[in-house]
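Since the structure of chain A is provided, determine the placement of chain B on it from the hints.
First to last, the protein sequences are chains A and B.
Position one of the first sequence corresponds to residue 1 (our numbering), numbered consecutively onward.
Position one of the second sequence corresponds to residue 253 (our numbering), numbered consecutively onward.
Hints in this document: simulated from the structure, not taken from any laboratory.
Note that beta-carbon positions come from the ideal geometry of N, C-alpha and C, so glycine has one too.
There's no promise every hint is true.
[As the list claims (entries may be wrong)] Part of the chain B face toward chain A, derived, beta carbon under 10 Å:
(1) 258
(2) 259
(3) 326
(4) 461
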Amino acid sequence: MGVGIQVEQLNAWFGKTQALKNINIKMAANHATAVIGPSGCGKSTFVRCLNRMHETIPEARAEGKVEIGDLNIYNGTPAVQVRRRIGMVFQKPNPFPTMSIYDNVAAGLKLNGFHDRKRLDEIVEKSLLAAALWDEVKDTAKKKSGASLSGGQQQRLCIARALAVEPQVLLMDEPCSALDPISTGKIEELIFQLKERFTIVIVTHNMQQASRVAEFTGFFLLGSLIEFDKTEKIFTNPSDKRTEDYITGRFG
Amino acid sequence: MRTRFQQGLDDLRQRLLRMGGLAEQAVDRACQAYIERDLARCHMVLEGESQINAAERDIDEQAFDLLAMQQPMAVDLRFILAVTKINSDLERVGDQAVNIAERVMDMADLPKVDLPVDIPRMAAAVSAMVRRSLESFIEGKAELAQAVLEMDNVVDRMRDEAFISLVKAMNERPEVTRQALDSLLVARNLERVADHATNIAEDVIFWVRGADVRHNAPQEPATVQEIRETH
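So that you can see chain A by itself, here it is in the shape it has in the complex:
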């Protein structure tokens, strides 16, 4: 099951440049929250702070409190333990090119020392089913390379790979920006179904996508969270003029 995410006084820097300023936000468990804002507003930095990936960039650092369920991730918790709870899907599908479809999904489990072949088969099938890819690859999963799939299939493979380690939270950084409308539709439908089992945070430049998949939306601008509310409120009657100006295309 998904867990809630609570962020308090989160600040992040790249060297001396502050990328996030005092972010406070509570994201409900088993819901999708969309993060929107113009390029450079800090939305990707924000989601990368949720799984401690921000600090992997040289000279980047983050401070504040981020609780994923009962786990305070900036409290000395090893980053690996954090990332086991939080799956991430990136803008560009990045399957391991030399691995089969099966091995792509099983990779995370194998890295964690999981080698029970029968159980692995079950988890791979379950993950590919959850990512709505099983029917398309069930006969070739062990033979074909992950790189042989179409862009949309590769992205669903990456989602299956993230789901295989049974995370509680799924972070998605513009997961459809490289996909055609059909593949985008499949991923969006998938997000809808995955909400039953995971908490989802999705960064998107596509406001129609945010309004289609997320119950809550946060608008970031210049490193600050300007407004956070129900998605329908943000897209029909936002409280802050800056949010309205952005979503109506008056700037950004």
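Chain B in isolation, oriented as in the chain A frame:
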């Protein structure tokens, strides 16, 4: 800045204002025709209807294109939705003007009688409502629209009074029944025009404030905090 989209919205606004002008003119002409038993004005109202109908179709088509092609959000989305609804109300205002003109044409063949109803006063109040609702749209001011909502009760009262006094007149003087019935229908048409003006004002409030004030609708109470607490 989405310049072409903004131009599309401006164009839509201009078209709706022209449509509003036509509807307002139709009501004024019909009322004047009633007061002066002027058949020429009645014909102008009937002939003007097709222009209003054509304007309604044009506006709907343009609004539909903007929705489909530009995928508007927030205030722009509310504006286009409000325009489509106001458009429909203005077309209905035009229909009511036609109904009034037809009553006047019926009355023209009948002897003039003195009836206990002040249609000119009611017409003035209704015209003012239409005018102010359109002003609230032009200015984008919810306060002006709010004032229109308050005027509706006054017109409703006028219609009720007209009904009581005209039914009484029909009972007491059966020979004026037809004229009284025509006047009663005119009062009812005017009251409906006032209802459409009220709808327009409500749509302006929706556009400007994002609030649904129809039928004294309560404002949505749910906040993010309340939603979180339920999960």
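Going down the list of hints, with the structure as the test:
1. 258: At about 9 Å, which falls below the 10 Å cut-off, the nearest Cβ of chain A leaves the hint on residue 258 of chain B intact, so it holds.
2. 259: violated, 13 Å
3. 326: holds, 5 Å
4. 461: holds, 8 Å
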